[in-house]
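Asks: Line by line, the protein sequences give chains F and Y.
Under the numbering used here, the first residue of the first sequence is numbered 11, with each subsequent residue one higher.
Under the numbering used here, the first residue of the second sequence is numbered 8, with each subsequent residue one higher.
Nothing false has been slipped in among the hints.
The calculated lysine-lysine pairs, modelled on DSBU-like cross-linking and capped at a C-alpha distance of 35 angstroms, are: (1) Y:Lys-190 x F:Lys-117; (2) F:Lys-45 x Y:Lys-153; (3) Y:Lys-308 x Y:Lys-55.
Only some residues are given here: those of chain F computed to face chain Y with a beta carbon under 8 angstroms: (4) Met-41; (5) Gly-66; (6) Val-72; (7) Leu-74; (8) Leu-85; (9) Val-118.
Residues from chain Y that face chain F, not an exhaustive set, calculated with beta carbons under 8 angstroms: (10) Phe-146; (11) Gly-147; (12) Arg-327; (13) Ala-334; (14) Leu-335; (15) Gly-342; (16) Ala-345.
Quick caveat, the hints were computed from the structure, so don't treat them as lab data.
For glycine and all other residues, C-beta sits at the position ideal for the given N, C-alpha and C.
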Amino acid sequence: MYHDRSHSGPVSHWLYGIAVGFALFTGFGQMPIYKRYYLTDIPGLGWAADFYTTAGLHYLAVALVLGLLAWRVGLYLRGVRKRWLWGPGTAWGWLLFALLAFSGLMKVLRNLGLYLPPSFIVTIDLVHMGSAMALMFTGLGVIISGRRRKAKDSAL
Amino acid sequence: MKFSPTRRQLLKGGLAAAAGLAASGIPRPRSAGAAVGEPLCTVLDISKCIGCEQCAEACREQWQKTVPDPVKPMPQPFPSRVPIEDWSQKKDVSDRLTPYNWLYLEHLSLTHKGEEVEVNIPRRCMHCLNPPCVDLCPFGASRVEKNGIVRIDPDICLGGAKCRKVCPWHIPQRQSGLGIYLKLMPSYAGNGVMFKCHRCTPLVAQGKLPRCIEVCPQQVQSIGPRDQQVKKAVALAKQKAKADGAGEERWRDYVYGLFENGGTNTIYVSALPFREINRALKADRAQRAKESGIKDPRRAKRAALAGRPLMGPVADTMARVDNLTWALALAPVAGLAAGLSRLAAGKGGRKGGER
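Input sequences plus hints: build the corresponding full structure.
Replies: Pasting the structure below:
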């Protein structure tokens, strides 16, 4: 094991931010609210009114998030210990990602044809939406408070 | 028309089933119920339909009363451009789909090979094998039962009408002023409940026939296990094609619902090609738009099409999204591999790894 004292670079940082932002935007866009609230009238956002487009982009954004988190896990398994400025940094963060991943997986399997009991589907949908909202507010809280950056500065 | 099984069907059915699919070219049901009991499929021989509307009347008689009357006054949705859709004072509308009318009859008159032909078509939900209304409903209100029935749970539906938008035939219809949204934020989210044919779910659960099938004096419709019904529809379509002078090999032109949207559990068979029927349907909608009195042509067209589905070709709407499952499956593997890829170099090359 070795300790990489450097912080995660700006590329992964930005990729993660964009992917999570896009996943949240396209995920919440699965509710028919963007057109209702004029968001799709904003020039350049017309595509957000098409649920097939937002669903496809949601899959792609989530794939990128999963890829980045798996990369982190791979580095961890390799023994590299970095200070990450992005991604889950607490048990709460990892719990939210685990809930999102499990509920999302169930939804994907349902879409592929796996029969799941209706009450389970409803529960999964609510868990997915609830954990996404919790993740959004947690992330916003961390960004606004600058907690992660302060932790970095104090560590240095 | 060449049919290739989708990746979704390959994933679902496994290699053996996929080999069978490729050989037959017939879409298989999505529901896992197929593994334990074949979903039910209806075949409608519309050349038998005399347009008596007994099916539609029986449907209304059975199910209209199950759609509650809305609260009055209804909450005004915000923003104001969100329309209130209230059919409670128009329950007798029977020439289109409404929340209170889940089945209607198309009465068409068209010229086929120089002869005037009358065509009557019962229209309702197609009960797709891979229904986008189910896959894309954000609250799980729309669902597929094990027997292949696609239905909307009125206790959960918020009436956002997303199911209507993503349905290739725009079948579900909204009644504002009722449902669970009234207990949440009635002005700001939701707008009622979506309704459509549930193919008489409670009756079918008791082993009874759907009402539209039971009352039909011409036995236009039949219902049964999907495999049997598909065979029946194909044989019938071949007969129709031959009788129409097109040759048996053109049978796909005489069947509708077998391949559309990746396959449905409602298969129409006609004595004349469906592209001619669709042309007549489009002409009818254009005429309705002209007679609607709505000045804006786009709005007039939309109004004419609302609740009156066409019968054009429909690609598998969910295929593109489902195909992206590969990205979801491969991304974590690729990420993990990238993280681990310098395993040897990290340990050997860095000698302790500190820097």
